[in-house]
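Peer 1: Take a look at the letters that make up each chain.
Protein chains: 2
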Amino acid sequence: MRIDGLQYANWSEKIFRQLREGGVDAIHVTIAYHENFRETVLNFEKWNRWFEQYPDLIMKGQWAQDIDIARETGRTAVFFGFQNPSPIEDDIGLVEILHSLGARFMQLTYNNQSLLATGCYEAEDMGLTRMGKQVVKEMNRVGLVIDMSHSSDRSTIEAAEYSTRPIAITHANPHAWSPALRNKKDAVIRAVTENGGMFGFSVYPHHLRDKSDCTLESFCEMIARTADTYGVEHLGIGTDLCQDQPDSVVEWMRVGRWTKEIDYGEGSKSAPGFPRMPSWFEDNRDFENIEQGLRSVGMTTGEVAAIMGGNWYRFFAESFGPKAGG
Amino acid sequence: MRIDGLQYANWSEKIFRQLREGGVDAIHVTIAYHENFRETVLNFEKWNRWFEQYPDLIMKGQWAQDIDIARETGRTAVFFGFQNPSPIEDDIGLVEILHSLGARFMQLTYNNQSLLATGCYEAEDMGLTRMGKQVVKEMNRVGLVIDMSHSSDRSTIEAAEYSTRPIAITHANPHAWSPALRNKKDAVIRAVTENGGMFGFSVYPHHLRDKSDCTLESFCEMIARTADTYGVEHLGIGTDLCQDQPDSVVEWMRVGRWTKEIDYGEGSKSAPGFPRMPSWFEDNRDFENIEQGLRSVGMTTGEVAAIMGGNWYRFFAESFGPKAGG
Chain A
3 MRIDGLQYAN WSEKIFRQLR EGGVDAIHVT IAYHENFRET VLNFEKWNRW
53 FEQYPDLIMK GQWAQDIDIA RETGRTAVFF GFQNPSPIED DIGLVEILHS
103 LGARFMQLTY NNQSLLATGC YEAEDMGLTR MGKQVVKEMN RVGLVIDMSH
153 SSDRSTIEAA EYSTRPIAIT HANPHAWSPA LRNKKDAVIR AVTENGGMFG
203 FSVYPHHLRD KSDCTLESFC EMIARTADTY GVEHLGIGTD LCQDQPDSVV
253 EWMRVGRWTK EIDYGEGSKS APGFPRMPSW FEDNRDFENI EQGLRSVGMT
303 TGEVAAIMGG NWYRFFAESF GPKAGG
Chain B
3 MRIDGLQYAN WSEKIFRQLR EGGVDAIHVT IAYHENFRET VLNFEKWNRW
53 FEQYPDLIMK GQWAQDIDIA RETGRTAVFF GFQNPSPIED DIGLVEILHS
103 LGARFMQLTY NNQSLLATGC YEAEDMGLTR MGKQVVKEMN RVGLVIDMSH
153 SSDRSTIEAA EYSTRPIAIT HANPHAWSPA LRNKKDAVIR AVTENGGMFG
203 FSVYPHHLRD KSDCTLESFC EMIARTADTY GVEHLGIGTD LCQDQPDSVV
253 EWMRVGRWTK EIDYGEGSKS APGFPRMPSW FEDNRDFENI EQGLRSVGMT
303 TGEVAAIMGG NWYRFFAESF GPKAGG
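These protein sequence lines are chains A and B, in that order.
Each number in this note's numbering comes from the position in the first sequence (counting from 1) with 2 added on.
Each number in this note's numbering comes from the position in the second sequence (counting from 1) with 2 added on.
Hint data in this document are derived by calculation from the structure and do not stem from the laboratory.
Some hints could be false.
When chains are identical, the list treats them as one kind, so a pair holds in a single copy or across two.
Claimed, not checked - Derived SDA-like pairs (lysine to any residue); straight-line CA-CA distance at most 25 Å:
#1 62 <-> 95
#2 48 <-> 135
#3 62 <-> 50
#4 139 <-> 50
#5 325 <-> 56
#6 135 <-> 324
#7 139 <-> 49
Assemble the whole structure, with the sequences as input and the hints as a guide.
Peer 2: Structure below.
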């Protein structure tokens, strides 16, 4: 079973076919960076059209069991998430509304301070806000997963502890391996995994050691060491694949409507666009490379299967509905 | 089994308890008259709060099977509908979005011309518009029932014929029995029922012979004759109960934001408010009176059961999802 914990591609029939070629059973796709509620609904509508147009390749994913249906029918189940809480605006009632529409992950922040918590690029980190605590409770109630991939340390640790259900960092790598601002320090990964949460490894070059030149061996060795430290059952893949996106999109991701100046985010003035992907992961047909790489660094078949999809499956099954027995 | 095909009460714990006292297993409630998409979402949110606050009295209804669950657990299943297409604005993609949120009925018009068809108070009736035909097709695809209660004759007949699935008039009475503008002429009822659709009898005084003074016998006799003419299997109850609403609400229903002048609708300058309900149907505890009344005019137990809920149940089961077998 192969599940990718995060993608934001420029979707097309070509990519849907590559998902099938790569044996990807499920993906979590981002459908909001800075979109407000109505704009996010337009993105749900866009996906509804794709589900109607490509019924043999993709299907809407709402529950872990949908992955079984996708596997039985040779399709990829598509689960929705937001990298920012902008879709709920200032209205806690929208948490359940968006969950009803199919949202399953929501980051509490995207780089900046939000109404809920602090993003990883702010100078100060105030932790969960008043509304943040209320929204975490509501997300716990309905089964919308808290994703802290772009949040700052204290906010992430507080979210992991305040949440009564496991949370996720869907796409990042350990800071100790590659000290990017977006990568996660030991205390952060520990807080998430010790509370039952998931950590998804990113293939986005800005999160890799040696960026686009990172070797498959280095990436897989890092995964094996992370498993030794935090437990293999908490780990998955979250490629952050942004395939076929024009550079205007990475600018939108970074600046949205919050500034009139350019913010280069993880890029720079001399390299403002999307970075070149590593040669061993250029699109969805390359999951096999990661799988082989994990075996090459000595992981067992069971461990590799857990990381490639089994752990995400279990997490999806536990996370997307009201809490069992309560 | 008791199912009410339309209510628009000023909801409260009192009314939810009366639904239980009256043995009402399911109701279709109006959550939009003139609301745009975002405003309608706020109304879904309001109901989500009620479902959370009164889990022992009510539950969200999405599928006919939810009525079985409601019966087994002693609750009333609440199904949602709109009396106007205003919630979809000019965006056909919102049909599926709103269906995902739980909408199950949508009137193509409310008294006035809409983007889709002509309302019953217009001087001219142009039938289904260009967008109207597209939306009917989309409603057919996702399982959102076309309701023509407030539409004009030609528009209703065209909708019944153009739709590939049965449509409904959830709340009205035959014009021949009480010649109100909102009541339906023979050709209209025939078009709806001959195409498999449903006709729900209203207890709203403006639709009754002798209005608030209508007798139970006259009402039930009318139902029996309608069954003789169009077939008992197409008939149900749609009380149009507007319990506990202040008169400001009937003004909102009539004028929305489309005029700066007062429009009295079915009322008049001397009687602009909600009319007094007939003594035999004042709230949800009075369904027993209608049931007894139908038996008194000679209907069989099976016929009475069909009208009180069985027919709506079958219609719900056939109408709310994608069409069986394609």
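Peer 1: Against each hint, give a clear statement of whether it holds in the structure.
Peer 2: Against the structure, the hints come out as follows:
In the homo-oligomer, the alpha carbons of residue 62 and residue 95 lie at most 25 Å apart both inside one protomer (23 Å) and across protomers (16 Å), since each shortest distance falls under that limit. In this assembly of identical chains, the alpha carbons of residue 48 and residue 135 lie at most 25 Å apart only when taken from different copies (21 Å versus 31 Å within one copy). With identical chains, the CA atoms of residue 62 and residue 50 are at most 25 Å apart both within one copy (8 Å) and between copies (23 Å). In this assembly of identical chains, the alpha carbons of residue 139 and residue 50 lie at most 25 Å apart only when taken from different copies (16 Å versus 29 Å within one copy).
When the C-alpha separation of residue 325 and residue 56 is checked against a cutoff of 25 Å, the pair qualifies only between copies, where the shortest distance is 19 Å, while the shortest distance within a copy is 33 Å. Proximity of residue 135 and residue 324 under a CA criterion of 25 Å is satisfied intra-copy only: 18 Å inside one chain copy versus 39 Å between copies. Proximity of residue 139 to residue 49 under the C-alpha cut-off of 25 Å is restricted to the inter-copy arrangement: shortest distance 19 Å between copies versus 28 Å within a copy.
Checked against the numbered hints given earlier, the structure satisfies every one of them.
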